[in-house]
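**Q** The lines below spell out each chain.
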Amino acid sequence: MRFARTLHVARKERAEAAAKAVFAFMAAAMIVPLVLIVGYLVYVAWPSLGWEFIVDIPRRGMTDGGIWPAFVGTLYLVGISLLVSAPIGILAAVYLNEYAKDNWFNRMVHLAVINLAGVPSIVHALFGLGAFVYAARLGYSILSASLTLAIMTLPVIIASTREALASVPMAFREACWNVGATRWQTIRAVVLPNSISGILTGVILQVSRAAGETAPVMFTGAVFFKAVERGELFPYGLHEQCMALSMHLYTLATQVPNVKESLPYATAVVLLGSVLLVNAAAIALRVYIRGRKKW
Amino acid sequence: MSPENAPDPPRARRPQRPRWAILGERAIEALIRLSGVSAILFVAAIFFFVLREAAPVLFREDFSLAQFLFSTEWYPTSASNVRYGTLALTVGTLSVTALAMALAVPFGLGAAIYLSEFCAPRVRETLKVVIELLSAIPSVVWGFVGLTVMSRLIVNLTGAPVGVNVLNGGIILALMSVPVIVSIGEDALKAVPDSYREAGVALGATRWQIVYRVLLPAARNGLLAAVLLGVGRAAGETMAVLMATGHAVHIPGGVLDSVRTLTANIAAELGEAPAGSDHYRVLFLTGTLLFLITFAVNITADFVVRGIRRK
Numbered sequence: 001m002r003f004a005r006t007l008h009v010a011r012k013e014r015a016e017a018a019a020k021a022v023f024a025f026m027a028a029a030m031i032v033p034l035v036l037i038v039g040y041l042v043y044v045a046w047p048s049l050g051w052e053f054i055v056d057i058p059r060r061g062m063t064d065g066g067i068w069p070a071f072v073g074t075l076y077l078v079g080i081s082l083l084v085s086a087p088i089g090i091l092a093a094v095y096l097n098e099y100a101k102d103n104w105f106n107r108m109v110h111l112a113v114i115n116l117a118g119v120p121s122i123v124h125a126l127f128g129l130g131a132f133v134y135a136a137r138l139g140y141s142i143l144s145a146s147l148t149l150a151i152m153t154l155p156v157i158i159a160s161t162r163e164a165l166a167s168v169p170m171a172f173r174e175a176c177w178n179v180g181a182t183r184w185q186t187i188r189a190v191v192l193p194n195s196i197s198g199i200l201t202g203v204i205l206q207v208s209r210a211a212g213e214t215a216p217v218m219f220t221g222a223v224f225f226k227a228v229e230r231g232e233l234f235p236y237g238l239h240e241q242c243m244a245l246s247m248h249l250y251t252l253a254t255q256v257p258n259v260k261e262s263l264p265y266a267t268a269v270v271l272l273g274s275v276l277l278v279n280a281a282a283i284a285l286r287v288y289i290r291g292r293k294k295w
Numbered sequence: 001m002s003p004e005n006a007p008d009p010p011r012a013r014r015p016q017r018p019r020w021a022i023l024g025e026r027a028i029e030a031l032i033r034l035s036g037v038s039a040i041l042f043v044a045a046i047f048f049f050v051l052r053e054a055a056p057v058l059f060r061e062d063f064s065l066a067q068f069l070f071s072t073e074w075y076p077t078s079a080s081n082v083r084y085g086t087l088a089l090t091v092g093t094l095s096v097t098a099l100a101m102a103l104a105v106p107f108g109l110g111a112a113i114y115l116s117e118f119c120a121p122r123v124r125e126t127l128k129v130v131i132e133l134l135s136a137i138p139s140v141v142w143g144f145v146g147l148t149v150m151s152r153l154i155v156n157l158t159g160a161p162v163g164v165n166v167l168n169g170g171i172i173l174a175l176m177s178v179p180v181i182v183s184i185g186e187d188a189l190k191a192v193p194d195s196y197r198e199a200g201v202a203l204g205a206t207r208w209q210i211v212y213r214v215l216l217p218a219a220r221n222g223l224l225a226a227v228l229l230g231v232g233r234a235a236g237e238t239m240a241v242l243m244a245t246g247h248a249v250h251i252p253g254g255v256l257d258s259v260r261t262l263t264a265n266i267a268a269e270l271g272e273a274p275a276g277s278d279h280y281r282v283l284f285l286t287g288t289l290l291f292l293i294t295f296a297v298n299i300t301a302d303f304v305v306r307g308i309r310r311k
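The listed protein sequences correspond, in order, to chains L and P.
With our numbering applied, the first sequence covers 1 to 295.
With our numbering applied, the second sequence covers 1 to 311.
Don't take each hint at face value.
[To be verified] Distance windows between CB atoms, simulated:
#1 P:A191 with L:R183: 27 to 35 Å
#2 P:V123 with L:Y288: 29 to 37 Å
#3 P:P193 with L:F234: 36 to 44 Å
#4 P:A55 with L:A189: 13 to 21 Å
#5 L:E163 with P:L58: 40 to 48 Å
#6 L:V42 with P:F303: 40 to 48 Å
#7 P:T77 with L:R183: 29 to 37 Å
#8 P:F70 with L:V9: 54 to 62 Å
#9 L:S197 with P:L94: 41 to 49 Å
#10 P:V123 with L:G39: 42 to 50 Å
None of these hints come from the bench; they were simulated from the model.
A virtual CB, placed ideally from N, CA and C, is assigned to each residue, including glycine.
Kindly generate the complete structure, drawing on both the sequences and the hints.
**A** This is the structure we're talking about:
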């Protein structure tokens, strides 16, 4: 036997269904732009896309050809910033998760990390210009730009490394301490090996973040154009300036007249595609770890 | 035998690690502490170096801070009548951010509620991946989308003379800050103990009733923090607004007017301002202002979140 649905219950259930539909619509409203944007960009970019586009150099005053110098420049910037920020970021996360006691000083550290993530990218650019280009006399160079990027992306790596370290159960550490290991021995033998894939995810996310940033490199080391041989792998020295994919897109879209229509779209697709691929790799890695976790 | 002259009991020699291992450990721990503190050093360094470039102009007698903050006249390169008033830029930032939040807050919080309370686990995983990808899109790509796709759409739909304006920038910034609001908002809802929900279910409440009578009040602070971080993200965004809002330094009269924001202004003019000139220093001063604004927003957001944790 069922209870009869009173008017009150019916109204309540109608409200429930309506609320669910509205919220589902709001959630779906996020997927639609992602799909539409990616789809439209690829559609317009299609005539230019291809391997040839990536390895060829810009031609006819940047109105035709490919993006090789910018692509390599971004690899340089991302690679060097990673070399700087990965060790600092991972060690900082180890400090915050394994050493820091809950006192006012470490609350300050925590706030500093949050703020570092919240400072606008253009302020990071001003900092890079004032600190690395002028004060440290590195000049407009790959080094200045990479260091700026490194500091900017530090919070990404700290946040995800911390999460990875925190997911290692406390009992693992206690077991290790109980056999007489010191704090660092425990970290090296137990905590880091058990969180290495999570840390790797953070490093991957840092790569994707650094590759997409424009403002911080625009004023510290990236230039509009720099001649590079087609397909050349090591064209730049660290004290030279370089092109960057993100800035190349900005240049093509706003500064260069009479560009072939599909060219900026193709540049956008390559940039977006690389970033999304890298992020997808991080997500896949995370899913893999979760499936394999022993505890 | 008296206890005094009893031989010492044989002392077990504690196995010692080699000296280099102990020193190595000391060194690495020092390095770890240094890295931990480095975040503070970097934030301080950012403030110091940006202010250092800006400082000389602050102490010039022909520069007035009141004019900098409250004048709408921005003529940095004028030959006879140089004016550095950033009010129009501040209003530009405010108008674009406000529009972005008007769009992003309802959608972001709605999506957060859906993710946390209504949807099946599998759908949730998929949506979270989408949100993560959405937040990974570089700002210059968003700017490009605003400049090309969105501006054409706006011209066609509204008949506005130019498509790069407050509306365009607002929509783009809304799309950029929604992922932040959703993920922080969902965390806030998840932090509400399940016993609250169970109490609601036991009283015969539907999910929607639980959401708006129980969860929203309980998660109020976390949701506020989510909104604040969204504001921080939108107000600090540079490349997207540089490309999508047009370049008119004036106070906008409506959503179809072009504006320029504080961030975009720095990006647009820094390349042309000779190092060491007044113009250059005023741009750094704008940077200092931006730093202080986002600093305040982030501290407030953290404080709001801490507030619930302590209770």
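**Q** Give a verdict on every hint.
**A** Verification of the supplied hints:
no., hint, result
1, P:A191 with L:R183: 27 to 35 Å, "30 Å, holds"
2, P:V123 with L:Y288: 29 to 37 Å, "21 Å, violated"
3, P:P193 with L:F234: 36 to 44 Å, "57 Å, violated"
4, P:A55 with L:A189: 13 to 21 Å, "50 Å, violated"
5, L:E163 with P:L58: 40 to 48 Å, "41 Å, holds"
6, L:V42 with P:F303: 40 to 48 Å, "44 Å, holds"
7, P:T77 with L:R183: 29 to 37 Å, "58 Å, violated"
8, P:F70 with L:V9: 54 to 62 Å, "59 Å, holds"
9, L:S197 with P:L94: 41 to 49 Å, "43 Å, holds"
10, P:V123 with L:G39: 42 to 50 Å, "22 Å, violated"
Hint compliance for this structure: hints 2, 3, 4, 7 and 10 are not met, and every other hint is.
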